[in-house]
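Undergrad: Each chain, written out:
2 protein chains.
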Amino acid sequence: MEKLKVIKIGGNIVDDPTKLERFISDFAKLEGLKILVHGGGKVATTIGKSLGIETTMINGRRVTDRPTLDVVTMVYAGLINKNIVAQLQAVSCNAIGLCGVDGAFINSRKRSPHPIDYGFVGDPVSVNIATAKLLLGGGVVPVIAPITGDMGGTLLNTNADTVAQTIATGLAGEYETELVYCFEKRGVLENVEDENSVIRHITPAIFEQLKAEKKVADGMLPKLENAFKAVDEGVERVVICAAEAIGEDGNWGTVIGGCCGSDHATSAGRQ
Amino acid sequence: MEKLKVIKIGGNIVDDPTKLERFISDFAKLEGLKILVHGGGKVATTIGKSLGIETTMINGRRVTDRPTLDVVTMVYAGLINKNIVAQLQAVSCNAIGLCGVDGAFINSRKRSPHPIDYGFVGDPVSVNIATAKLLLGGGVVPVIAPITGDMGGTLLNTNADTVAQTIATGLAGEYETELVYCFEKRGVLENVEDENSVIRHITPAIFEQLKAEKKVADGMLPKLENAFKAVDEGVERVVICAAEAIGEDGNWGTVIGGCCGSDHATSAGRQ
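Taken in sequence, the protein lines are chains A and B. If you use the working numbering, the first sequence corresponds to residues 1 to 271, in order. If you use the working numbering, the second sequence corresponds to residues 1001 to 1271, in order.
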């Protein structure tokens, strides 16, 4: 099977023109089939505020009412997506910017309003393999904004980590798929104060241990859950690392799945 | 050669949910290869105003400064484009929403700032035939927002009529191409007060005569110039009509080019 990398970047890259430029350059140079999934960033909040749209949060999560849906659709699928594509094209990477409804790429289900109504929020249920194969086979590089649809005409705000995991999982039967989550740190850290304490490999047993020791931060927990779900469903391996690592050779970041047989005792700590 | 329809809709459809819904349904039912190009509409102006961005006009044309470029990119390539795609998918039309930079579909040149600096405005110079063939051959229906790029990373606001004409012309060597401009009227009118006075066929000679008689309104002049340019450069025929005509059989609207041999004297007037 051909190899495919699904790389996700978040707000820390999207919001920072210098970091984004470096990432674009590194991503463009990556050989082989690749898909980029980008998150939102602060622009949507800023624009929403300017438009007088109040952000409602429940349990730390944004509620997507109709005006908020319009804002995230504009900002994620329009402003951010097209600027990333334009920059990739400028460095000879034949990118094509899409959201979930384009070519019916990702089919989502609107989240149940019970117990909490988050509004127009979608949970992905499937990936359109035909669309993926058409684009990847045609030599174009999909750049995906985290807006999906329910195939009934309704757009839905969707977590970008989950979008990336769904794509990687959905295509694992067609390609040898690697999922890369880029974030602020160099990997999952044994000690959150120490950037050199990257845990190189996390097994399910280590994950349980880290949770018991409360060493997994709030934001990292769903990312790791997505990672294990991906590996369980056929993704070759998941890497959690800093965006800067994309352009670097060698071992970097935290790996879930894959061939490395190391366990917690030997892999954690200063390497 | 296979037939291809390039259909352009403007603000009068995009701004009107009822008209848009009917058009979506009619467009989805059209058989054969097709591309939809949509214009902007009033939403961009409304959102621009809410964001405190002043619209500067020179000679009736909007100047696209950087904040305005961000707004039109968000609204045209995000909000409008993705909502149209979602609605087309809901009626089983496998649409894919793009702007000019996606798959390097349309390459534009930033308009010279002399004599008038319109800012980030682009004039299309070429269409990427490989991208068009990949998508059309793959059974997806491109839906194009009028934002293009200069291949150097800069996005450019672009006239949707010209985008549609560039696509039709650029693909005329590959497909038997028809360009359809949908607008508010049933066609080019002999008498602008009389909706039944559609001129059925306009030859270059008739066009000169209409201009001399000042029967061509300001907005229609560039549309007709685009139409003649398209026919000169290999497009089979151009139809100027109301969006409602897309779902109707029979002859409708004003035709430029094509097989009809009628001239002004016999074709104009009440038919």
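Simulated from the structure, these hints should not be mistaken for laboratory data. Be careful, since some hints might not be right.
As the list claims (entries may be wrong) - Keeping only pairs whose Cα atoms sit at most 27 Å apart, straight-line, the calculated DSSO-like set for lysine-lysine is:
| hint | chain 1 | residue 1 | chain 2 | residue 2 |
| --- | --- | --- | --- | --- |
| 1 | A | 185 | A | 211 |
| 2 | A | 3 | B | 1185 |
| 3 | B | 1133 | A | 29 |
| 4 | A | 133 | B | 1029 |
| 5 | A | 133 | B | 1185 |
| 6 | B | 1229 | B | 1214 |
| 7 | B | 1049 | B | 1019 |
| 8 | A | 3 | A | 133 |
| 9 | A | 19 | A | 42 |
| 10 | A | 19 | A | 211 |
| 11 | A | 42 | B | 1042 |
| 12 | B | 1049 | A | 49 |
| 13 | A | 49 | B | 1042 |
| 14 | A | 110 | A | 229 |
| 15 | B | 1003 | A | 133 |
| 16 | B | 1185 | B | 1133 |
| 17 | B | 1049 | A | 42 |
| 18 | B | 1042 | B | 1185 |
| 19 | A | 229 | A | 185 |
| 20 | A | 29 | A | 19 |
Undergrad: Are the hints correct? Go through all of them and say.
TA: Hints, verified against the model:
1. A:185 - A:211: The hint holds at about 18 Å.
2. A:3 - B:1185: 53 Å, violated
3. B:1133 - A:29: 26 Å, holds
4. A:133 - B:1029: 26 Å, holds
5. A:133 - B:1185: Roughly 42 Å separates the two Cα atoms, so the pair is violated.
6. B:1229 - B:1214: 20 Å, holds
7. B:1049 - B:1019: 25 Å, holds
8. A:3 - A:133: 13 Å, holds
9. A:19 - A:42: Between residue 19 (chain A) and residue 42 (chain A) the Cα gap is close to 15 Å, so the pair holds against 27 Å.
10. A:19 - A:211: Violated, at about 31 Å.
11. A:42 - B:1042: 26 Å, holds
12. B:1049 - A:49: Judged against 27 Å, a Cα distance of about 14 Å means the pair holds.
13. A:49 - B:1042: 21 Å, holds
14. A:110 - A:229: 20 Å, holds
15. B:1003 - A:133: Status holds; Cα separation ~25 Å.
16. B:1185 - B:1133: Judged against 27 Å, a Cα distance of about 33 Å means the pair is violated.
17. B:1049 - A:42: Status holds; Cα separation ~21 Å.
18. B:1042 - B:1185: 19 Å, holds
19. A:229 - A:185: Distance of about 22 Å is within 27 Å: holds.
20. A:29 - A:19: OK: residue 29 (chain A) and residue 19 (chain A) at ~16 Å, within 27 Å.
Taken one by one, the earlier hints fail for this structure at numbers 2, 5, 10 and 16, listed in ascending order.
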